[in-house]
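**Q** This is what each chain is made of:
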Amino acid sequence: MAEQDEVRLTVPAMPEFLRLARVTATGLASRLGFTFDEVEDLRLAIDELCFALMGTRGRPGTIRLRYLVTDQALEVEGVGDFRGEGPEPTLSDLSRQILAALVDEHEVSRGSDGLPCFRFRKARMEYGRRL
Amino acid sequence: MNSDAAQREELHQKFAEFAASRDPELRDQLVEAHLGLAEYLARRFCNRGEPLDDLVQVASVGLLKALDRFDPEREVEFSTYATHTIVGELKRHFRDKGWAVRAPRRMQELYLRLGKVIATLSQELGRSPTIQELAAEAQVSEEEVLEAMEAGQAYRFTSLDTGGPGDEEGETLATALGEEDSELLDAESRAALSPLIAQLPAREQRILHLRFFEGLTQSEIAGRLGISQMHVSRLLARSLEQLRSASEEG
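Residue numbers (my numbering), protein chains in the order written: chain Y, 1 to 131; chain U, 132 to 381.
Possibly wrong hints are sitting among the right ones.
[To be verified] Cut-off 25 Å, straight-line C-alpha distance, at most; resulting in silico cross-link-like pairs (DMTMM-like, lysine to aspartate or glutamate):
no.	chain 1	residue 1	chain 2	residue 2
1	U	Lys247	U	Glu268
2	U	Lys222	Y	Glu16
3	U	Lys196	U	Glu163
4	U	Lys247	U	Glu274
5	U	Lys196	Y	Glu107
6	U	Lys145	U	Glu206
[To be verified] Residues from chain Y that keep clear of chain U, each with C-beta distances beyond 12 Å, as calculated:
no.	residue
7	Leu9
8	Thr10
9	Asp113
10	Leu115
11	Arg119
Simulated from the structure, these hints should not be mistaken for lab results.
Virtual Cβ for every residue (Gly too), placed ideally from N, Cα, C.
All chains, full assembly: derive it from the sequences and hints.
**A** What follows is the structure in C-alpha cells.
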C-alpha cells in the first residue's frame, strides 16, 4: 500500500489567507524534493484554483484544503464553504490552459454535498529532464 | 485656430471615429495620447509604498476602461472622464491591496540573495535546484527559503528591481500596443482565449506565452529573455493577478 500523508487546513475565503495555503503546499513540496521551478508552479496553481472558487476579493465563509502527499506527488483538494449565494465557480479557457502548464491534473466541480471544489495533482519531475 | 485647439479638435474627431468604428489602431493612438495622464495620476499615488511601474500599469488599465466606455456624445471632456476612471482604478488597487504586509527586511535580503544562488546553482546543476539545495547553499533553513519566496511575491517591494538595464519593468502600454512580436500569440488565438492578455505589457504577454503555451519553465524563460528567474516569477504572478481581476470585471 502506498504511503500517503495527509494535512488539512481551513482558511477564511479571503485573499490574505491564501498565503497560508501556499506556504503549506510549498512546505510539503519541499519535503518531496520539488525544484524551485516546480514550487513556483505550485504557488501559482494554488492561487489560480482558490481564486476560481472564491473570486479575487474573497467571499464570506471558508476554504477547506486537504493536502495528500505521496512519494512522488502532491495532491491538493479545496472545498469552498461559503455563506450566501455567489457565482458558480468556473475556469475560463485561459485558466485551464494556465493550469495545464502548471500541474499534471486539475478539475473544478461541485462535490456531492453541492459545495464548489477543486482538485489538482503535481508530480515531482525527474531531475535533469528539463533545462 | 491655434495648435492646441487644433490638436483638441483632432482628438475629438478620433474619439468620434473610435466610438463608431472601435478600430484597434485608433484605440492605440488614443491610448498613447493619454498615457501621460495615466502616469501623472499614478505619480500622485506613488508615496504609498507601491512601485511606480505597478501603479502606472494600474492607471493604464483604468485608461483603457475609460476609453472603451467613453461616449463622445456626452458633454464631458475625455480627460475629465478618464481621470475619474483612472483614480477609481488606483484607489481600488490600494483598497484591494490594503491587507498586504510588508515583508521583514531580513526576508527581502534573503530573497535578493536567493536570486543569485538560484542562478549559480542552475548553472552548476544544469537544472532548477531543489529547495533543499537552495537552503544548503544559502545556509538557511528550507522554511526560510519558502518564506523568502512568499515575501518576494508580496509585490510591494519598491527596491527589488535590481536587474541591470533591459531588466526593468519600464515598458509602457504604448510599446505593448504598438509592437509586433513574432513570439506573441497570434491575434486569433489571443482573441479567442482572452482579449485581456492583449492589455498586458509586451514582455508579460511574451512570458505568459512562453510559460503557458510553449511550456517553457521559468528558468528557461529567464535564460531566453536575459532576466533573473525571480523577475520572471514576479512578472508571471502579477500578470495572472491582473488577468483574474480584469476577467472578473468583465
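**Q** Please go over all the hints and tell whether each is borne out by the structure.
**A** How the hints compare with the structure:
The straight-line distance between the Cα atoms of lysine 247(U) and glutamate 268(U) is roughly 11 Å, inside the 25 Å bound, and the hint therefore holds. Between lysine 222(U) and glutamate 16(Y) the CA atoms are separated by roughly 18 Å; this keeps the pair inside 25 Å, and the hint holds. For the hint linking lysine 196(U) to glutamate 163(U), the alpha-carbon distance of about 14 Å falls within 25 Å, and the restraint holds. Between the alpha carbons of lysine 247(U) and glutamate 274(U) the distance comes to roughly 18 Å, so the proposed pair stays at or under 25 Å and holds.
With a CA separation close to 32 Å, the supplied pair lysine 196(U) and glutamate 107(Y) exceeds the 25 Å bound. The suggested pairing of lysine 145(U) with glutamate 206(U) holds, with an alpha-carbon distance near 16 Å, which does not exceed 25 Å. For leucine 9(Y), the non-interface assignment is confirmed: its Cβ lies about 15 Å from the closest Cβ of chain U, beyond the 12 Å cut-off. A cut-off of 12 Å between C-beta atoms confirms that threonine 10(Y) is not in contact with chain U; the least separation is 19 Å.
No Cβ of chain U approaches the Cβ of aspartate 113(Y) within 12 Å, the least distance being about 26 Å, so the stated non-interface status holds. For leucine 115(Y), the requirement that its beta carbon stay farther than 12 Å from each beta carbon of chain U is met, with the minimum near 21 Å. Annotated as non-interface, arginine 119(Y) keeps its C-beta farther than 12 Å from every C-beta of chain U; the closest such distance is 20 Å.
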